[in-house]
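J.: The primary structure of each chain is shown beneath.
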Amino acid sequence: MTGTLRYRRPDVSSPPDRFPDYRSTELRAPQQPRIVIPQTPTETTGPVDCWDRLMGHAFHDMTAQHAGEPIGQRIHVSGRVLDEDRRPVANTVMEIWQANSAGRYIHSKDGWNAPLDPNFAGAGRVVTDAEGRYRFTTIKPGAYPWGNHKNAWRPAHIHLSLLGPAFATRLVTQMYFPDDPLIEIDPIANAVPMPYRQRMVSRFDLDTTEAGFALGYLFDVVLKGRDQTPFEDDHDE
Amino acid sequence: MMNESIVPLEKRVPAPRQDNQDQTLFGQTPSQTVGPFFHYGLPWKGGADLVGNSDLGARPELFPAEHYVLGRGAVRTNPEGERIEIIGIVRDAAGEPVPDAMVEIWQADARGRYPDKDDRLAGNEFCGFGRSATSDEGEFRFLTIKPGRVPGPRGTFQAPHIAMSVFARGVLARLATRLYFEGSDGLADDPVLACVPAERRETLVATPVDTGKWRFDINLGGSGETAFFAL
Numbered sequence: 043m044t045g046t047l048r049y050r051r052p053d054v055s056s057p058p059d060r061f062p063d064y065r066s067t068e069l070r071a072p073q074q075p076r077i078v079i080p081q082t083p084t085e086t087t088g089p090v091d092c093w094d095r096l097m098g099h100a101f102h103d104m105t106a107q108h109a110g111e112p113i114g115q116r117i118h119v120s121g122r123v124l125d126e127d128r129r130p131v132a133n134t135v136m137e138i139w140q141a142n143s144a145g146r147y148i149h150s151k152d153g154w155n156a157p158l159d160p161n162f163a164g165a166g167r168v169v170t171d172a173e174g175r176y177r178f179t180t181i182k183p184g185a186y187p188w189g190n191h192k193n194a195w196r197p198a199h200i201h202l203s204l205l206g207p208a209f210a211t212r213l214v215t216q217m218y219f220p221d222d223p224l225i226e227i228d229p230i231a232n233a234v235p236m237p238y239r240q241r242m243v244s245r246f247d248l249d250t251t252e253a254g255f256a257l258g259y260l261f262d263v264v265l266k267g268r269d270q271t272p273f274e275d276d277h278d279e
Numbered sequence: 114m115m116n117e118s119i120v121p122l123e124k125r126v127p128a129p130r131q132d133n134q135d136q137t138l139f140g141q142t143p144s145q146t147v148g149p150f151f152h153y154g155l156p157w158k159g160g161a162d163l164v165g166n167s168d169l170g171a172r173p174e175l176f177p178a179e180h181y182v183l184g185r186g187a188v189r190t191n192p193e194g195e196r197i198e199i200i201g202i203v204r205d206a207a208g209e210p211v212p213d214a215m216v217e218i219w220q221a222d223a224r225g226r227y228p229d230k231d232d233r234l235a236g237n238e239f240c241g242f243g244r245s246a247t248s249d250e251g252e253f254r255f256l257t258i259k260p261g262r263v264p265g266p267r268g269t270f271q272a273p274h275i276a277m278s279v280f281a282r283g284v285l286a287r288l289a290t291r292l293y294f295e296g297s298d299g300l301a302d303d304p305v306l307a308c309v310p311a312e313r314r315e316t317l318v319a320t321p322v323d324t325g326k327w328r329f330d331i332n333l334g335g336s337g338e339t340a341f342f343a344l
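Each protein sequence line maps, in turn, to chains X and Y. If you read the first sequence in our numbering, its first letter stands for residue 43, the second for the next number, and so on. If you read the second sequence in our numbering, its first letter stands for residue 114, the second for the next number, and so on.
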């Protein structure tokens, strides 16, 4: 393994495992500290060139999966997947899921009585190009109530899941929308300390807004980078 | 006199916010929970079957069939190696099963290699990535092959292992761990297992329950809490 460039550790924006305001962490967060391990080929490789043989193809238009068009505000979400040194992460898969425009998931355990939309599933999958760019089309999800505390509402968000180049870079996050007052009081978003919470807030963008069709939002995803200098085997932590 | 600050209407843009595009904030995108409703977006049919063509891994009963849009990959080939089955239950700190968790695996092939472009050209079709949602009883199950020994530091070889990630509502950042196999070569001097306090190592060792069938339970907290890694 001499010469292996290890992936960096989570930075200051990383949420804690236990965050009491988000009540579900109470019984599901580990109580012991996470253990630092050396990065071996297991941690520095991933299904980079074979994920499509497992999952199947990508599909970037979430408004075109059913017979009709979904109800809601059409949006294009685009951006780049980069590492911490601003290098593009090419040919990586991003999986997407979200609620409909009323804030309802198609999931049978979503007990809220907002309407379902027969023309919207809310799942997508895109792949970055050589410059790390991606783009998908969907409708803007609605906010929805949840049981964390009395009158709790999740801000509108889109779930994003990325494999990245290695096991060490696996990331699941949520993309929020600008000027949403619910973000400021949301226990899940606030598990990320300010100002880094704002990294998860997309930007409305006129250049990617398609005239007469859909609003554009920009969202870059930054995955862990690699250390600048090769680490020595003897310095494994 | 013309005011040079007048911008044509179609060129006017909102003032920048402190947001994702703010370069002074540039850095790792923070992790967030998968929440409870990922089943129509992440665990595809067959995601937990790395050697066959079953639908293992998905939970399509949790949403209408017409909304299953994930598709599935190409027919899998017949990787060399010993077929194994891995079963387990994800439990919370109170010992209750976690019915809305998702477990992922990443492993080497039977010769201890991870796929790269060269392997692909050489016809190595095994891709050791899998994903399984847990059942209402917190169970997950994978069909795969037993991995070979992967190189470790200083010219050593690690004990056979499978890297795992656990996601769930209430889990803000994925929990990474490893599955080892009871009784296999190299356990005593495995460089990653050596980082785990001796009294917690058994939480990372799967036990045989039948020929080719291994049990590996994951405890998010409480007594017998699984050792999770900082990556």
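Derived by calculation from the structure, the hints in this document are not laboratory data. Just so it is clear, CB atoms sit at the ideal spot from N, CA and C, and this is done for glycine as well. A portion of the hints provided could be inaccurate.
Said to hold, decoys possible - Which chain X residues face chain Y? A few, computed with CB under 8 Å, are given here:
1. Ser-55
2. Arg-76
3. Arg-95
4. Leu-213
5. Gln-216
6. Ile-227
7. Ile-230
8. Phe-246
J.: Tell me the numbers of any earlier hints that the structure contravenes, in ascending order.
T.: 6
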